[in-house]
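Novice: For the record, the sequence lines run as chains X and G.
In terms of this note's numbering, the first sequence has 104 at position 104, counting the first letter as 1, and numbering is strictly consecutive.
In terms of this note's numbering, the second sequence has 255 at position 255, counting the first letter as 1, and numbering is strictly consecutive.
Any given hint could be a false lead.
[Stated by the list, open to error] A few chain G residues that face chain X, going by a derived Cβ cut-off under 10 Å, partial list only:
| id | residue |
| --- | --- |
| 1 | Phe11 |
| 2 | Arg389 |
| 3 | Gly406 |
| 4 | Phe432 |
[Said to hold, decoys possible] Here are the simulated lysine to any residue pairs, SDA-like style, with alpha carbons at most 25 Å apart:
| id | chain 1 | residue 1 | chain 2 | residue 2 |
| --- | --- | --- | --- | --- |
| 5 | X | Lys72 | G | Leu167 |
| 6 | X | Lys72 | G | Ile274 |
| 7 | G | Lys252 | G | Leu131 |
| 8 | X | Lys72 | G | Arg492 |
| 9 | X | Lys72 | G | His430 |
| 10 | X | Lys72 | G | Val484 |
| 11 | X | Lys72 | G | Val487 |
| 12 | X | Lys72 | G | Ser165 |
| 13 | X | Lys72 | G | Arg494 |
| 14 | G | Lys252 | G | Ile274 |
Quick caveat, the hints were computed from the structure, so don't treat them as lab data.
Even glycine gets a Cβ: it sits at the ideal position worked out from N, Cα and C.
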Amino acid sequence: MSSMKNGSAAAGGGRPWWLGLAILVMGALWLNGARSIASTTNYVGVGPAAIVLAVGLGLVLLGFLLIVQALKGQLAPPSEDEEEAPFSRPAFLMALAGVCVPLATIRWLGFPFSAMLAFTLVTHAFGSRRTLLDLGIGALIASLAWLGFSRLGISLGPFFPLLG
Amino acid sequence: MDILNQLLGGFAVALQPMNLFWAFVGCGLGTAVGVLPGIGPALTIALLLPVTAQVNPASAFIMFAGILYGALYGGSTTSILLNTPGESGSVMTALEGNRMARRGRGAAALATAAIGSFVAGTIGTLALTFLAPAIAELAFVFGPEDYFALMMLSFTSVAVVMGRSMLRGFTALFFGLALGTIGIDTQTGQTRMVFGSLELLDGISFTVVLVSLFAIGETLYVASRHGSAPAAVNPLSGGSWMTKADWARSCKPWLRGSVIGFPIGALPAGGTEIPTFLSYALERRLTKHPEEFGQGAIEGVAGPEAANNAAAAGILVPLLTLGLPSTATAAVLLAAFQNYGLQPGPLLFATNPDLLWGLIASLYIGNVILLILNLPLVGIWVRLLLIPRQYIYGGIVVFAMVGVWGLSTSWMDLALMCGLGVVGYVARVHDFPIAPALIGLILGPQAEIQLRRALAVSQNDWSVLVGTPIAATLLGIAALVLIVPPVLARLRRRANAEGEPAASAG
Numbered sequence: 001m002s003s004m005k006n007g008s009a010a011a012g013g014g015r016p017w018w019l020g021l022a023i024l025v026m027g028a029l030w031l032n033g034a035r036s037i038a039s040t041t042n043y044v045g046v047g048p049a050a051i052v053l054a055v056g057l058g059l060v061l062l063g064f065l066l067i068v069q070a071l072k073g074q075l076a077p078p079s080e081d082e083e084e085a086p087f088s089r090p091a092f093l094m095a096l097a098g099v100c101v102p103l104a105t106i107r108w109l110g111f112p113f114s115a116m117l118a119f120t121l122v123t124h125a126f127g128s129r130r131t132l133l134d135l136g137i138g139a140l141i142a143s144l145a146w147l148g149f150s151r152l153g154i155s156l157g158p159f160f161p162l163l164g
Numbered sequence: 001m002d003i004l005n006q007l008l009g010g011f012a013v014a015l016q017p018m019n020l021f022w023a024f025v026g027c028g029l030g031t032a033v034g035v036l037p038g039i040g041p042a043l044t045i046a047l048l049l050p051v052t053a054q055v056n057p058a059s060a061f062i063m064f065a066g067i068l069y070g071a072l073y074g075g076s077t078t079s080i081l082l083n084t085p086g087e088s089g090s091v092m093t094a095l096e097g098n099r100m101a102r103r104g105r106g107a108a109a110l111a112t113a114a115i116g117s118f119v120a121g122t123i124g125t126l127a128l129t130f131l132a133p134a135i136a137e138l139a140f141v142f143g144p145e146d147y148f149a150l151m152m153l154s155f156t157s158v159a160v161v162m163g164r165s166m167l168r169g170f171t172a173l174f175f176g177l178a179l180g181t182i183g184i185d186t187q188t189g190q191t192r193m194v195f196g197s198l199e200l201l202d203g204i205s206f207t208v209v210l211v212s213l214f215a216i217g218e219t220l221y222v223a224s225r226h227g228s229a230p231a232a233v234n235p236l237s238g239g240s241w242m243t244k245a246d247w248a249r250s251c252k253p254w255l256r257g258s259v260i261g262f263p264i265g266a267l268p269a270g271g272t273e274i275p276t277f278l279s280y281a282l283e284r285r286l287t288k289h290p291e292e293f294g295q296g297a298i299e300g301v302a303g304p305e306a307a308n309n310a311a312a313a314g315i316l317v318p319l320l321t322l323g324l325p326s327t328a329t330a331a332v333l334l335a336a337f338q339n340y341g342l343q344p345g346p347l348l349f350a351t352n353p354d355l356l357w358g359l360i361a362s363l364y365i366g367n368v369i370l371l372i373l374n375l376p377l378v379g380i381w382v383r384l385l386l387i388p389r390q391y392i393y394g395g396i397v398v399f400a401m402v403g404v405w406g407l408s409t410s411w412m413d414l415a416l417m418c419g420l421g422v423v424g425y426v427a428r429v430h431d432f433p434i435a436p437a438l439i440g441l442i443l444g445p446q447a448e449i450q451l452r453r454a455l456a457v458s459q460n461d462w463s464v465l466v467g468t469p470i471a472a473t474l475l476g477i478a479a480l481v482l483i484v485p486p487v488l489a490r491l492r493r494r495a496n497a498e499g500e501p502a503a504s505a506g
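Work the whole structure out from these sequences, hints included.
Specialist: Given below as structure tokens:
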């Protein structure tokens, strides 16, 4: 049950080279971005592109070093506490779905209902199976948050956009 | 006695009924989030940042100060009773405190932690009161090149001190710096790194980054690894309070912890880990009961807990006088100041004395409130731990959504929350520190402004960066921070390799 799952938690066993690759790609993006910033330098030597260039260079260098360390096996994730349970992919995906579900629903269902769905998905990621109860608690917390923060003057959008 | 007068003025602000109410709210909230796992003061303040639109600055900062201190008090409760330190500063407290609780001395451990927090918090606030204005005076002579050097020192020390390795620290720092470049360049109006998205023109909000990296990342992490049953709450059994001997053994560690904590907290790379660690090591060396260490020695709770709170006061020194955050919480407080269009620094002492002195006075008041809230009422706070974990983390996600969606009801912010949440998860799994990313994000743009200002003044003469003694010294220290640890490590390795005599001599 856990060999595959552990594998994805620390992809590539103890050699997460993809971490460095991600940083490297990010650095390349920034370097490329620096190229496209028109340098309207007047007498000031450091224009708007300079810092982007510097950050891009830094990221590329760090990404490279991370890859080297990872391949040497020096970047292994810390040995997990014995008390901690092993990585569970379904739970992770369920929680991720909870975090992402508002992206799909918030424009249609508004904040309270989106937050209710997010809450329920997260509780299920933690192993809860009492869906109705969780939906109810989620709706309560989300509605109270919506009302309370609206009173403080923070707009969380319309309560239920479909009703206009 | 100018400072005393100003402090009295501050008390006049902080003791207004409305502000006292906010102080109570802040202390209560702070204790609650300190007790609960997964939420810390930085996240709480970040989630409450939208409130700054409605509440006047003095009240808001009085509440935030209560959260800052309250989280420390609450954090020690969880460490002692559950052995799950919520933040790095209370790891040392958990070490001895939980042992004491298991031997039925939980009440005494909680008491020495709370009273030690009070003593150290008050000493730290006193030091802040008299030191901050003096440093703010000094900072008046700082030019842009000096600020730039100071920020470089802050970057290097934060990246080196926090986290497991320099490489991890610098990766986090540059990730934050990179996010900080997104948006419109304030000096030329050019757009940078917006990838054609209108929503990114204003840059990435600090709140979104902090909430995603901390709250979402932590939720994903805990959810994917929950498995085991929740830890059992250690009852306050055998609730014998502090005995006379306990008092005698606690007093000196409280004072020593305060003396260690405040100055280290006040350094640009402050933080609370190092002072608590040092205090623990010191108490262990000085104790008359060495056999009790590891079994629940009260000195091992009193000292680190005092150091933790004194360091928290110390962190406010560079923040208020120089606008320099050295922890995640300080970075959020800086963001809160910016929300009000205020820039902490020497000028703030001149332009907004009511706000600053009200804040400092509220720290004294907050310590008293927290002592009251925590000593007799600790049993109530512990009940919070009985809330099932799924509801705590479900609630965290809902409030994270409030914080992010409430900023500007922008779909892009929610999408960023998901993306950065995954980044936060990866950082958590692979032990990358988060604070350097936050400090890079908030200080990076400022460092850039200071650099360009300095170069504009000097007509693009780069030697200006080391042109003043202050700037040259600070840059020199920054370089040392970068060079010394690897050199030391190499020397040690060589000493070990050269044979056993060298190793055993040390």
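Novice: With reference to the structure, classify each hint as holding or not holding.
Specialist: Comparing the hints with the structure gives:
1. Taken as an interface hint, G:Phe11 does not check out: its beta carbon lies about 27 Å from the nearest beta carbon of chain X, beyond 10 Å.
2. Satisfaction of the interface hint for G:Arg389 is found here, the shortest Cβ-Cβ separation to chain X being roughly 6 Å, below the 10 Å cut-off.
3. Satisfaction of the interface hint for G:Gly406 is found here, the shortest Cβ-Cβ separation to chain X being roughly 5 Å, below the 10 Å cut-off.
4. Because the smallest distance between the Cβ of G:Phe432 and any Cβ of chain X comes to about 9 Å, under 10 Å, the interface hint for this residue holds.
5. This hinted pair checks out: X:Lys72 and G:Leu167 have alpha carbons roughly 14 Å apart, not beyond 25 Å.
6. The straight-line distance between the Cα atoms of X:Lys72 and G:Ile274 is roughly 30 Å, outside the 25 Å bound, and the hint therefore fails.
7. Proposed proximity of G:Lys252 and G:Leu131 is supported: the alpha carbons are some 23 Å apart, at most 25 Å.
8. Straight-line distance between C-alpha atoms of X:Lys72 and G:Arg492 comes to about 21 Å, which keeps the hinted pair within the 25 Å bound.
9. Under the criterion of a C-alpha separation no larger than 25 Å, the hint pairing X:Lys72 with G:His430 is consistent with the structure, at around 16 Å.
10. With a C-alpha separation of about 24 Å, the suggested pairing of X:Lys72 with G:Val484 holds against the 25 Å cut-off.
11. The hinted pair formed by X:Lys72 and G:Val487 meets the criterion: a straight-line CA distance of about 21 Å does not exceed 25 Å.
12. The suggested pairing of X:Lys72 with G:Ser165 holds, with an alpha-carbon distance near 15 Å, which does not exceed 25 Å.
13. For the suggested pair X:Lys72 and G:Arg494, the alpha carbons sit about 21 Å apart, so the restraint of at most 25 Å is met.
14. Simply put, G:Lys252 and G:Ile274 have alpha-carbon atoms about 19 Å apart, close enough for the 25 Å limit, and the pair holds.
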